[in-house]
Amino acid sequence: MKDLSIDFCGVKFMNPFMLSSSPVSNCAEMIARAFDAGWGGVAYKTLATQMTKIIHPSPRLNKYNNQACRMVGLQNVEQVSDRPLEHNLKDIKWLKKNYPKHIVVASIMGFSNKEWEILAKASEDAGADMLELNFSCPHMAIEGSGSKVGQAFDLVELFTETVKKAVSIPVMAKMTPNITDMNEPAMYAKNGGADAISAINTVAAITEIGLDDLIPKPNVFGKGAVSGYSGPCVKPIALRFMAEMAQNPELGLPISGIGGIETWIDVLEFLLLGASTIQVTTGIIHYGYRIVEDMMEGLSDYMEDKGFNSVSEIVGKALPNVHHTDEFDLSRQGVAEYDLDRCIGCGQCYIICQDAGGQALSWDAENRRPVMDEDRCLSCMACSFICPVEDMIHYKEMPKGWVRHDPEPMEI
Amino acid sequence: MGEGLTLTLATEEAARCLLCFDAPCSQACPAGTDPGSFIRKLHFRNVTGAIRTIKKNNPFGWTCGVVCPTARLCELACSRTAIDKPIQIGKIQRFLVEHGWAVGFSPIKKAEIKKDKVAIIGSGPAGLTCARELALNGYDVTVFEKKEKAGGNLRYGIPTFRLSEKGLDREIEEITSLGVTVKTETPIEGKDGLTKLKEEGFKAVFLSPGLWSPVRLGIEGSDLNGVLSATDFLGAMRTHEASDVENLVRDKVVAVIGGGSVAMDAAMGAKKLGAKDVYVLYRRSYTEMPAEEKEKIQALNDGIHFFILTQPVKYSGKGSLESIVCRRTRLGDPDDSGRRRPEEIQGSEFEMPFDVAIEALATEPDTGLRELADLTWDNKTITVSDANLQTSLPWVYAGGDIVRGPALVVEAVADGKKAAEAIAQHLEGKGE
Chain H
10 MKDLSIDFCG
20 VKFMNPFMLS
30 SSPVSNCAEM
40 IARAFDAGWG
50 GVAYKTLATQ
60 MTKIIHPSPR
70 LNKYNNQACR
80 MVGLQNVEQV
90 SDRPLEHNLK
100 DIKWLKKNYP
110 KHIVVASIMG
120 FSNKEWEILA
130 KASEDAGADM
140 LELNFSCPHM
150 AIEGSGSKVG
160 QAFDLVELFT
170 ETVKKAVSIP
180 VMAKMTPNIT
190 DMNEPAMYAK
200 NGGADAISAI
210 NTVAAITEIG
220 LDDLIPKPNV
230 FGKGAVSGYS
240 GPCVKPIALR
250 FMAEMAQNPE
260 LGLPISGIGG
270 IETWIDVLEF
280 LLLGASTIQV
290 TTGIIHYGYR
300 IVEDMMEGLS
310 DYMEDKGFNS
320 VSEIVGKALP
330 NVHHTDEFDL
340 SRQGVAEYDL
350 DRCIGCGQCY
360 IICQDAGGQA
370 LSWDAENRRP
380 VMDEDRCLSC
390 MACSFICPVE
400 DMIHYKEMPK
410 GWVRHDPEPM
420 EI
Chain E
2 MGEGLTLTLA
12 TEEAARCLLC
22 FDAPCSQACP
32 AGTDPGSFIR
42 KLHFRNVTGA
52 IRTIKKNNPF
62 GWTCGVVCPT
72 ARLCELACSR
82 TAIDKPIQIG
92 KIQRFLVEHG
102 WAVGFSPIKK
112 AEIKKDKVAI
122 IGSGPAGLTC
132 ARELALNGYD
142 VTVFEKKEKA
152 GGNLRYGIPT
162 FRLSEKGLDR
172 EIEEITSLGV
182 TVKTETPIEG
192 KDGLTKLKEE
202 GFKAVFLSPG
212 LWSPVRLGIE
222 GSDLNGVLSA
232 TDFLGAMRTH
242 EASDVENLVR
252 DKVVAVIGGG
262 SVAMDAAMGA
272 KKLGAKDVYV
282 LYRRSYTEMP
292 AEEKEKIQAL
302 NDGIHFFILT
312 QPVKYSGKGS
322 LESIVCRRTR
332 LGDPDDSGRR
342 RPEEIQGSEF
352 EMPFDVAIEA
362 LATEPDTGLR
372 ELADLTWDNK
382 TITVSDANLQ
392 TSLPWVYAGG
402 DIVRGPALVV
412 EAVADGKKAA
422 EAIAQHLEGK
432 GE
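Read top to bottom, the protein sequences are chains H and E. Residues in the first sequence are numbered from 10 upward in steps of one, following my numbering. Residues in the second sequence are numbered from 2 upward in steps of one, following my numbering.
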């Protein structure tokens, strides 16, 4: 196994894999098992003072299935920790005593400037290695908190500043994706003194509506709500925010990547776009802590294969390849190329080329095979995405000067 | 019969479907079943639409989902086979019909009965399908059934462990609820029986009586107690004689002679009724056995012993069967069926003690059928026009096993549909 350790804001992580602040990091007993499974760190379930009573809605979660594919997304109305603050602090102490090499990041959420300060100090005193400021939960039942703060950029700066003054450990600000440009609040956090950014928190969403009672789910005794949505379906959106922040030279802060991570490949993609640690919840809600074993092994084997000696060498490695679309070389064109010897004749390519592509395919009914007219192919490559035969359809570049034939207009 | 799929499992199976263009599975069913459509509908959560597709096409959609040899029809055509294994089309079909029952969704609505009277003889899948189609078209249909209950071979030929009575009853009830009259224990017999129906006001007749006369081995000792046909054995299991056949085989050593689906049913049936040991005696080898592969495997797993290359030549016993003398065979050149011909090996005789012998060879039309009307026959089947199943009498149509010889349920369903259309055309063409 490769050395997977990485430095993040001066804190040494044994590997970049963290539990994010959520039900999966609710107490020390759980987190200890996660550490035993291989997770290198935790963003401990968000602490709040007990000045406001926290009660979780019931039920808390709802799934988003795509056909037979279970839980491609997950919606939640979970609140910050409802455990007494002193219990949580005790658990953090216990964790640091029993797992001194593992990193405990205390996630905190204040409901006033003073509360941010109290929580930050208490966490540092309990032994937390870092803080994560939860500016981003999209469904807090307490007014003016969570992502409401993350969307009011001056408050991001104010609370970050308050916390930074109160503690000496590194501080990371957690961003909401429910905005247009994440660089804006991230810059406010930086101006407030943040040492790192974590992103993304959940996306405000509605996953499902009861067809008989017409109530969105989770159906909390007759009421649904727009609330936080996570899981593999949000990963592409999270990667976009990674790239945009990591490519911003003014920001220049380390990033902890979050959003739909389940496999080592997901991890790698976050790293390649600039994250240097990653955090997971929904993947664990789906499969349990054990998934980290495959992340470690997969990442290590990839590094071995590609000759990387440390995780930090990977961080941001794909950023130079992320461009604006106006930089593309449009003089180079191509088509889809079929290896028809391997075709099984399902004809899905023909259907979608007719209805969504360039009508480049016709259908040889007798032999049940598509027949390609290259000059009509849009090179959308959609056929290759639905073809059930692995790697049967490839992209082929056409010679310079080749011109695609557009459809003729109808005769009137 | 085993448990069916759940909505989740059926949806997962449907997700494996490649949703082919011009789906090959939908071209592979004699009865015109369209899995390409109903699986796509299930995939897109149009579950009621999927049930409608099945039930509109085939009143025995559930039955066919259970008993149809899909492995050599729709599932053989499935494109997914080239990737791993075919979609379990039969299981999905069965599930969808059961789901409709569970949620109370019934896609077929009764039509007003206001057209001519049509008589149907025999209430098997061909007859009842024809009856439903005609009733939905407004015809006043009466089905005449010789036996105690409707269903024909589905009831008296297929044991309940392969096809549950509850499901069968439900599909038949769906048909009768559309205004079809079924007169059970009402055989149409005797000379000019069809002419009498005509005199009663029936304008057309569909003959679908099936094949109920068992072909017998005819070897010495066939009249001993304990020697019977599979037709009688399986039929009795469904009547008040059920306890008689149970007493006949319980704790006994039973031989089933033959290698088709009926032989497998009889063998497994005897085993389930408590037979001590059941042997299948078959004169060719395992691969020539006409039973479906899964039935053979199921029988083997049920503990049935297969004696292949074995030809019974004599039953012995005093009053009751005590043993069967058999001769070993070896396979020669292919015969007309394309299968290698069994040749008995002289001097290879051996004698095995048996208490019961069930002959599952073949079935033929009841002899009385030839009296009913002056129809043209081709040996053991009624001759009909391929195009419309019309017999040599223009107002008499025929389908199912009586026309095809032993055939599949889906083929019977196909005949029922075809005949219904032809009869309607015939009657409407006359302007009556």
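Hints are computed from structural coordinates only; laboratory data are not their basis. Treat the hints with caution; some may be incorrect.
As the list claims (entries may be wrong) - As a list, the in silico SDA-like pairs of lysine to any residue whose alpha-carbon atoms are at most 20 Å apart:
{"id": "1", "chain 1": "H", "residue 1": "K72", "chain 2": "E", "residue 2": "T12"}
{"id": "2", "chain 1": "E", "residue 1": "K111", "chain 2": "E", "residue 2": "D141"}
{"id": "3", "chain 1": "E", "residue 1": "K86", "chain 2": "H", "residue 2": "R42"}
{"id": "4", "chain 1": "H", "residue 1": "K72", "chain 2": "E", "residue 2": "F45"}
{"id": "5", "chain 1": "H", "residue 1": "K72", "chain 2": "E", "residue 2": "L10"}
{"id": "6", "chain 1": "H", "residue 1": "K72", "chain 2": "E", "residue 2": "R46"}
{"id": "7", "chain 1": "E", "residue 1": "K86", "chain 2": "H", "residue 2": "K72"}
{"id": "8", "chain 1": "E", "residue 1": "K272", "chain 2": "E", "residue 2": "R328"}
{"id": "9", "chain 1": "E", "residue 1": "K92", "chain 2": "E", "residue 2": "F162"}
{"id": "10", "chain 1": "H", "residue 1": "K226", "chain 2": "E", "residue 2": "L10"}
{"id": "11", "chain 1": "E", "residue 1": "K295", "chain 2": "E", "residue 2": "E4"}
{"id": "12", "chain 1": "H", "residue 1": "K72", "chain 2": "E", "residue 2": "E13"}
{"id": "13", "chain 1": "H", "residue 1": "K11", "chain 2": "H", "residue 2": "V398"}
Here is what the structure says about each hint:
no.: 1; hint: H/K72 / E/T12; verdict: holds, 17 Å
no.: 2; hint: E/K111 / E/D141; verdict: holds, 12 Å
no.: 3; hint: E/K86 / H/R42; verdict: violated, 40 Å
no.: 4; hint: H/K72 / E/F45; verdict: holds, 18 Å
no.: 5; hint: H/K72 / E/L10; verdict: holds, 18 Å
no.: 6; hint: H/K72 / E/R46; verdict: holds, 17 Å
no.: 7; hint: E/K86 / H/K72; verdict: violated, 30 Å
no.: 8; hint: E/K272 / E/R328; verdict: violated, 25 Å
no.: 9; hint: E/K92 / E/F162; verdict: holds, 16 Å
no.: 10; hint: H/K226 / E/L10; verdict: violated, 23 Å
no.: 11; hint: E/K295 / E/E4; verdict: holds, 16 Å
no.: 12; hint: H/K72 / E/E13; verdict: holds, 17 Å
no.: 13; hint: H/K11 / H/V398; verdict: violated, 35 Å
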